[in-house]
Amino acid sequence: MTDVVVVESPAKAKTINKYLGDGYTVLASFGHVRDLPPKDGSVLPDEGFAMKWQSDERGQKQVAAIIKALKGAHTLYLATDPDREGEAISWHVRAMLEEKKALKGVEVRRVTFNEITKGAIREAMAHPRDLDMPLIEAYLARRALDYLVGFTLSPVLWRKLPGSKSAGRVQSVALRLICEREAEIEVFKPREYWTVIATFLTPSNAPFTARLTHLDGKKLDQFDLNNEERAYAARDAVLGGTFAVKSVERKKVKRNPPPPFTTSTMQQEASRKLGMGAQNTMRTAQQLYEGIDLGGETVGLITYMRTDGVTMAGEAITDIRRHIGKDFGTNYVPPQPRIYTTKAKNAQEAHEAIRPTDVSRTPASVARHLTDDQRRLYELVWKRAVASQMQSAELDQVAVDVADQPGCTVLRANGSIIAFDGFLKLYSEGRDETDKAADDESRMLPPMNERDPLKREKVDTEQHFTQPPPRYSEASLVKKMEEIGIGRPSTYASILGVLRDRNYVRLESRRFVPEDRGRLVTAFLVSFFERYVDTQFTAGLEEQLDDISGGRADWRAVMSAFWQAFSAAVAQTKDLTITEVIDALDQDLGSHFFPPTDDGSDPRRCTSCGTGRLGLKLGRFGAFIGCSNYPECQYTRKLAVEGGEGDGADGLKDGMKLLGQHPVTGEDITLKRGPWGLYVQQGEPNPEDKKAKPKRASLPRGLTAESLTLDQAVGLLSLPRIVGIHPEFKEPIEAGLGRFGPYVKMGAIYGSLDKDDDVLTVGLNRAVDALAKKMASIRTLGAHPKDGEPVMVRKGRFGPYVQHGQVVANLPRGESMDDVTLDGALALLAEKGKPLKAKGKAAAKKKTTTKKASSKKAAAEGDEEKPAKKAAPRKAPTKKAAASTTAKKPATRKSPAKKKAAPEVE
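So the sequence shown is numbered by my numbering: it starts at 9 and just counts up by one.
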């Protein structure tokens with residue numbers, strides 16, 4: 009008799025099974041076993057927000073496996089992730105088991121662990137608890153909120169703003185932040201200002217530079233020197249003076265280390281330092297958490313990666329301090345352990361910060377067992393956690409004021425030196441390229457004393473212009489969302505992914521740029537649903553969800569208050585006309601679509617007829633720009649800005665770009681634009697051999713004409729590539745690009761990769777995970793006795809079936825995949841087996857060939873068979889009959905010639 013433990017992923021199940029031993033059966037739920045069906049009516053506000061849950065075949069299969077394992081078991085341990093979502097998965101598993109009456113005589117307990125190590129798991133199993141109902145109710149409220157907003161607001165968008173795809177409770181607020189930042193950039197007017205920089209020599213002939221801060225006894229503001237004339241006058245004042253050291257100010261400054269990672273700070277640093285997107289960061293962190301094979305032992309290297317807490321376990325702090333003293337010296341260990349608190353709005357401090365499970369596993373010692381992304385992220389987590397407990401850095405800062413004899417003209421020189429590096433020896437926090445915080449540690453000033461005479465060397469002027477606020481990067485957007493309190497650590501990556509998948513935004517130089525479609529959606533929501541895309545309102549909802557999880561609020565009461573106001577706001581748009589929508593969008597986005605012209609002419613004047621006014625129009629396929637003189641003037645243009653003459657929006661000159669030569673064959677590698685997008689090509693067609701075509705490969709998602717390198721192009725042309733050997737089945741795994749995106753393949757089994765996976769660098773662990781999901785729908789029964797080929801049972805579009813080579817047979821109605829045996833499959837194939845149907849043109853060709861062959865055979869054997877009777881020739885209908893037939897057809901309604909339909913731009 010063994011007890012049953014349910015976790016979320018097969019990788020985690022494998023690791024935990026080793027730690028618990030033979031007394032336990034560890035199974036994976038593969039995430040949620042059921043969810044709300046994606047259709048209207050799954051949440052019922054009028055019935056106390058009751059929810060209709062639905063389980064797919066995979067969820068049912070996993071629950072069936074749990075039921076089978078529970079036979080004879082005494083306890084079921086639900087050990088899903090230690091957060092709100094993990095609590096919900098455990099609740100769903102228990103609910104489905106109760107529905108199937110599989111828990112009779114079985115005790116159900118909940119266990120959580122922050123790290124997958126032997127000690128943490130055994131400690132958790134020794135202290136189980138019941139399911140946390142307030143956490144589950146908070147999940148139910150969040151799920152109902154997101155569902156009701158999405159399924160209520162999105163249809164309004166589809167009806168009133170054709171071409172839109174969806175709206176979401178948090179997604180739409182994040183999109184608004186991006187669009188508003190873009191609007192700030194568009195209206196920004198740069199201001200000119202100048203600085204004066206002088207070079208001086210000390211009495212010992214040591215040079216240093218200083219910037220002018222006071223002129224004519226007055227402190228200079230940023231825009232006091234706002235043109236060349238004033239800047240030159242200030243320069244001349246410096247050139248005409250005799251200078252000496254007025255004052256020397258020295259002070260010691262301490263810089264404390266940053267706290268260990270939370271989910272959002274890890275995503276920000278991974279973006280800034282490693283160039284990793286939020287989704288890739290979380291996927292890699294999940295792998296490090298669930299377990300890595302370190303030479304035969306599978307170990308979780310980091311603690312749970314979805315957290316907003318910055319505390320660390322006492323044992324971990326002690327181990328880290330001991331490690332610092334051993335590797336860096338006792339002077340790098342502060343007298344007392346550092347205690348951190350979270351400053352982010354709505355932080356729950358529910359879990360530990362992200363840290364290494366064992367500080368002795370240094371990045372160098374485990375690097376050979378990790379993929380490149382795993383190695384880089386683990387090193388980042390390890391260094392950040394260790395540095396958080398190191399001594400502060402000490403800097404000696406020096407500020408020197410240089411003045412002329414009257415003291416009316418003053419220049420200042422700043423510098424600092426690191427007196428003690430402290431945590432900076434191991435880690436310094438990354439910065440965005442636009443961060444203005446200056447690092448003066450590398451600038452050193454020569455020794456100086458007050459009243460030291462100085463020799464002036466050259467004096468330069470520098471022209472500057474103020475810069476607009478920067479576009480959001482993934483790091484800065486996540487930081488902003490965390491600051492204002494919208495979303496949660498587990499949702500940031502998916503929110504950013506949805507915005508890109510909906511083509512509401514795009515990434516340029518790792519910065520978010522809103523597409524016109526995204527700006528239209530935001531303008532519509534701000535105009536007619538302003539409250540529900542307001543950051544304060546959304547943050548307030550997050551606080552209410554936290555109150556529910558803390559047992560301080562009733563989830564149905566929160567939902568009722570929200571739904572009453574939200575449904576009323578939606579009802580108000582029922583009679584909203586397209587004209588009202590167009591007027592609101594045209595007013596809000598007019599400056600974007602019609603920016604001021606260089607010559608001062610009206611930017612809305614129609615370039616075609618010269619008299620009409622250009623404005624926003626809505627067609628069946630979305631918004632476009634049209635002329636007010638329609639239908640006399642047929643001028644239209646798409647919203648997206650096209651490339652210049654001979655160039656596409658992708659920036660390719662005349663549709664192609666030479667990347668270089670193939671390193672082996674020497675053939676040209678070119679990037680070209682085709683009817684279905686960008687692709688790379690190796691060599692050129694051979695005019696003498698029209699059948700031989702050059703090798704080509706499409707560009708995967710995320711690669712653009714600007715970012716594509718020669719090495720990446722060669723890699724794409726060499727696909728599919730061998731990723732490695734499957735650790736269990738000992739078969740090679742290939743990675744390639746298919747019609748529907750990147751994939752991995754082992755034998756006849758294909759596994760889809762995420763759109764953000766890089767097919768050129770995807771590692772073995774990720775490939776095995778992708779195949780595991782696919783193999784969950786395939787079961788090998790054994791080898792066929794005749795040829796040794798595998799006999800499989802698979803999930804098909806019209807139900808499960810068995811397969812041997814190219815022969816398949818459907819299972820009898822009511823029989824599940826788990827019930828099939830090898831003998832049963834062999835009997836079924838022998839009785840009902842039929843060849844797989846050919847697809848597409850091959851099938852059509854085969855059908856035609858078969859038909860022709862049958863006709864020829866019939867003709868050849870005609871003397872042995874009775875000739876078939878000829879069908880009587882069909883008579884043409886009489887005029888009367890024809891007229892009668894025509895009269896029965898519905899009349900086609902024609903529009904008057906003068907009243908044409910509004911033009912539509914696809």
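Keep in mind that a hint or two might mislead.
Below, a list of computed lysine-lysine pairs in the DSS-like style, where the Cα atoms sit at most 25 Å apart [stated by the list, open to error]:
1. 803 with 781
2. 703 with 680
3. 391 with 254
4. 803 with 842
5. 680 with 699
6. 391 with 281
7. 226 with 281
8. 47 with 79
The hints are simulated quantities; they were obtained by calculation from the structure and are not laboratory data.
Just so it is clear, the structure is predicted and the values come from calculations on it, not from any experiment.
Checked hints:
1. 803 with 781: holds (13 Å)
2. 703 with 680: holds (13 Å)
3. 391 with 254: Violated, at about 43 Å.
4. 803 with 842: Roughly 17 Å between the alpha carbons, so the hint for residue 803 and residue 842 holds.
5. 680 with 699: holds (20 Å)
6. 391 with 281: holds (13 Å)
7. 226 with 281: violated (42 Å)
8. 47 with 79: Violated: residue 47 and residue 79 sit about 36 Å apart, past 25 Å.
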